[in-house]
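Chemist: Sequence:
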Amino acid sequence: RIERVDETVAQASSNFIAVRIMHDGEMSLFAAGRYLDRIALTIQPYRFIERFVVLDSQKIDTLLVIPL
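Here the sequence shown stands for residues 1 to 68, numbered as in the numbering used here.
Because the hints were derived from the structure by calculation, they are not lab data. If a hint is listed, it holds; no wrong ones were tucked in.
Distance windows between CB atoms, simulated:
# : residue 1 : residue 2 : range
1 : 22        : 2         : 32 to 38 Å
2 : 32        : 3         : 21 to 27 Å
3 : 8         : 29        : 36 to 42 Å
4 : 1         : 55        : 15 to 21 Å
5 : 54        : 27        : 19 to 25 Å
Using N, Cα and C, we set each Cβ at its ideal position, and we do this for glycine too.
Go ahead and model the full structure; you've got the sequences and the hints to work with.
Modeler: The structure is reproduced here in structure tokens:
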């Protein structure tokens, strides 16, 4: 969902899930949550001002090297 805050900034929220597929084809939920973004509307193309990741998952792999 995207909402305009004012003429210069919009805010958005979007849900995500990441599923891990193992070598044997087994799938498991890796992470779930949502992004909370603030977007600058004064620059073309539009640019992120900030992004927060809110995790609903309680167990996260401690060796995670790929940003969510």
